[in-house]
Each structure stands twice: as C-alpha cells, then as structure tokens.
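Asks: Read off the chains here:
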Amino acid sequence: MANLAVDFLGIKLKNPLVLASGVLGTSPAVMERCAREGVGAVTSKSAGTEARDGHANLVALAWQGGVINAIGLTNPGCHAELPILIETKKRLKPLGVPLFASIFAPRLEEFGEVARVIAEAEPDLIEVNISCPNVASDFGTPFSATAKSAAEVTREVRRTVKCPISVKLAPNVYNLAEIARAVVAEGADAITAINTVPGMLIDAYAAKPILKNTTGGLSGPAIKPVALRAVWEISQAVDVPIIGTGGISSGIDVAEMIMAGATLVGVGSALVNDGPAVFGKINAELQDFMRSQGYQDLESMRGLVHRRANGTV
Amino acid sequence: MAQCNHGLMRAFKLTKKGQENETTTTLWLDGDLTEAIPGQYVMAWLPDVGEKPFSLHSSAPLALTICAVGPVSRAITALKPGDPLWIRGPLGKGFALTGKKHLLVGGGYGAAPLSYLAEEALKRGDQVVTCLGAASAKDLMLIDELNRLGATVHVTTDDGSFGTQGLVTVAVLEQIESNKPDCLYACGPTGMLMALWDLCQKHKIPAQLSFEALTRCGLGLCGACELDESLCKRLGLPSGWLVCHDGPVARLF
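Same order as they appear, the protein sequences are chains Y and X.
Numbered by this note's numbering, the letters in the first sequence go through residues 21 to 333 in order.
Numbered by this note's numbering, the letters in the second sequence go through residues 44 to 296 in order.
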C-alpha cells in the first residue's frame, strides 16, 4: 500500500483530499458525512460578516464540462457559523479529520473581524476566500484581482489570528505568481488555487442566460487544465504548500495535481455523481495508480513535473 | 421537445393542461423522460422567473402535477399550450416497487407522484390501495385518475368535507390491520411521513417516504436540502442525508 498520509503545516491528514469550500460545508452533519467517506480534511462553506441568502434559482447546473454555479455565498454570518464550526470540529476530531474554515468579507477592514470570530472555533486552518466570482454585483471586483488588494486582505487576517491561513486565489489574472508572492510576503502560510473560473451558459431556445445571476463560476473537468497551470506556476513562485483545487475527480487527477506542485488536493464538483462516496473512490484510484507506478508516498510525486523539467530527477 | 446544449436540460412544449383542484394543475409536455421512474423529480425552469423541483406525474409523455404556491409554480401553472418549459432531470432516487401489495399514501399535493407509481404497479398485476388525506375537499386531487387506473382509494379530510373526517394515518392503520401491505409508499408533509414511519415500524412494514425540501442546486452540492438530523436519526438514515441527491425517496427496509 502506498502511503497517502500528509503533513501539511504540521497538520496531519490521512490522505491529501480536501472537501473544497462551497460544496457541502454547510452543517456538522454533512461535513461529518464527508469525513466518514474518507476525505482527508473538510473546508466549511465561506462565512462572512452577516447572513446571506445567496442568489435565487437557477443557481447551478451540470453540463458536459462539469458544473456552473452562482450560489452567491449563502451563509448564516460568522456569529451563527461559529457554533456550527465548534460542533463540526468536535465531530471530526475523533475521526482524525482536520477542519478548514473558509471566510470572506465584503470590505477589506471586515476580514479581520470575521477571522477573529471564526478563529474562536479553533479551526486547523482559515481559508481566506478573496476570489468568489459570483458576488461582484454586491461586492465589486474580487480582492484576488490585484497583488495589492490580495496582500492587504492577507495582512488584515494575519494580524488578527494565529492559526495557519491559506489564501484562495482566482485563475483569471495575468500575474498569478506576483499575487502569490504578495500574499506569502504578508504571512499566508499556504495558497489555495483555484477558485471557480468565471463563465456563463446561454440557452439558445430561451435566448437567455441560464443562471439567475447571469454569470457564474465554472468547476469540474473543464477547468482542470486551468487549475494545473495555476498550481504549476504558483509552486515555482513561492515556497508555501498549495491546496490544488479545480476539476479533480479521479485518483490520476490527484496525482497530476501533486506533480504540478500541490500538497493537498481539493475536491468539490466531483461529488455531483457519486455524492460524498467519491472520496473513497478517488483514494482507491490514487492507491492503484501509485502502486502501478511504484510511488511509495506522495512526496515522491510532489512537484515531479518541475523536477523532471529541471533535470533533477 | 428540444435537447438543450447543457447536460440534462431539455426545452419541452406544453401540450395540454388538466385542472386537478383550485390550485393544482397537471401539465402535459411534448416528449418523454424514458429513463425516469416514479418518485424521481425534475427541476423545471422558466427564464426570468426561476427554477423549482417537481415530482413526475408521468414520464411518457412527461407530465407534472403542480400546486401553485409561489411565484415559480404560479407562473408554470399559468403557461398555455404551446408555451415552452425547460426541464432538467430525471433527478434523485425514486420508489422501488417491493412485493405485490402496495399501500400508497398522499398528503395534500403530496399525491402528485402517486398515480404514476400506481400505474406501474398495476401494470405488473399487483394490488394497489391508496389513502389520500387533505385539509379539505378542495385540496384533494387525482382520486378519479387513481380509480380509473384500478386502484382502491380511501379519502380522509381534516374538516370532513369529503370522505372520512380525520387524519390519513387513521385510514392507513385500518388498511394495515385489514389488508397488511408488502410495502408503504408515501409523499406529503414531513409530520405525516414521520407518523407513517412510526406505524410502519410498529407493524414491521417496509416504507418508502418521499420528502419535500428547499432545493437549490439539485446536484447534491449546495447542502440546502439536508434533511434535519433528528429525522435522519429516527429514520436510520446517515446524518447529512440530502433530499435532492440521496432522495427524495428514502427507501427504509
């Protein structure tokens, strides 16, 4: 058996799979269910300053390339989120599954406050979501758009909380490496990449956009190449570990993401077919792949694409 | 009916409408969902209005029985023959006919998926008994259709304006005691479903209960439709059971 265990910033995971934020991170029960199905760590749905209903239906659709969604950051607000996270942490602990808590805020100066409230639940990591593509109508341009705004948010969270923080970046920028360096310079312990990719679907028979929000975020197989490129680029720019997320639905996908330089691998839209049972399937496929290719552990695959290119392996 | 360029979504045209009661309409569409089974659902979308889940009244041709309770269901039930309605599905887990004697229970507009199920069972030569409950006579539906198909129908209303006065569980208990079914299938308010579950437990009858929930993504991703954990515990379902993906039918054997 290949060893799938990972040490991530001192946090011990049984395997590299992380429930990506925004998918089923809504309650202790669903997060516990994912943990029992074999995920390595879970990420809660992003919590902000106050409760949000999100967008009206139609909010999500599965299409040939994966999923498009504009849920719109539905959440109960950080104060109501706190007991959910405390209960989730209590349930995950005996299962050996760490809890990552995702946060967002409408304004720069509110990130610290949300982080301070959420940190009371003692999550193993706070993921700072500065890259949701579906709330521009409410909040304006995402903070992930420039190195300056991404760095300012990171600084605000860093000076407020002591726990590890990972900043979640968007792929649709031309200077991803610069943004990654900027958030790491302000104290990000890790980087999560990528968020969903802005997109839209139009129904030709209706001559209308499908989503109520008109545009949404693409996830699933269509964006795997985008995510691989982003992780590949970030991992050359900074030395912090990366949670590589985007279009991962099989064990071989996981291997590719780790070879691109990821330490952990987010899984979200892949739940669309198999539900949380997909984690067991992906882990089994990863085991099979590693055994067939002679990889003893994840470290032997990590960043292999870079090492091969450099001629070091 | 036209296949849209995204996943399961198809643009159907309304062919005819049938009024089931003051607020409930059956809409017949111009195509089939051949892969569907009773108890599954579709998401029905009207551009600029919204999208909501509805169980199947029939799959060939596709028909939906819809109670006008909000803006989306009101707009859909107001469509006219020839108007388009966008459908994605079939989604979720439906009923699985088990045994030969079937007891079907509907509460209010929860009767919507039952004539389709009754038809499938009667096609196999099985026995179908139906108990329909509603607040009042004006909330009842599908009685004539179930009779026409060959099902026995017992009716209760809370106010006694039609059938026997009282809760549908009383009629169900009578059936269980006089003609024990091989399986009970129910759709309706959660309180009714849980009362039926208690009866089924007591009388050792397998139950298949169809739950209603606020449904957003219909894909098992967003978590909006999670069944309350205390109900999951009572039913023996895993915590975090998702109505849109694991259900809407909970098969409890």
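If you are wondering where the hints come from, they were derived from the structure by calculation, not from laboratory data.
Careful, some of the hints might be misleading.
DEER-style ranges, computed between Cβ atoms [stated by the list, open to error]:
hint, chain 1, residue 1, chain 2, residue 2, range
1, X, K59, Y, K228, 18 to 28 Å
2, Y, Q316, X, D75, 46 to 56 Å
3, X, P104, Y, A297, 29 to 39 Å
The beta carbon of each residue, even a glycine, is placed where N, CA and C say it ideally should be.
Asks: All the hints need checking, so say for each whether the structure fits it.
Replies: Results of checking the hints against the structure:
Taking 18 to 28 Å as the suggested C-beta distance range, the pair X/K59 and Y/K228 conforms, at roughly 25 Å. Distance hint check: the CB atoms of Y/Q316 and X/D75 are about 53 Å apart, consistent with the given range 46 to 56 Å. In this structure the supplied range 29 to 39 Å holds for X/P104 paired with Y/A297, their Cβ-Cβ distance being about 34 Å.
In the structure shown, no violation is registered for any of the earlier numbered hints.
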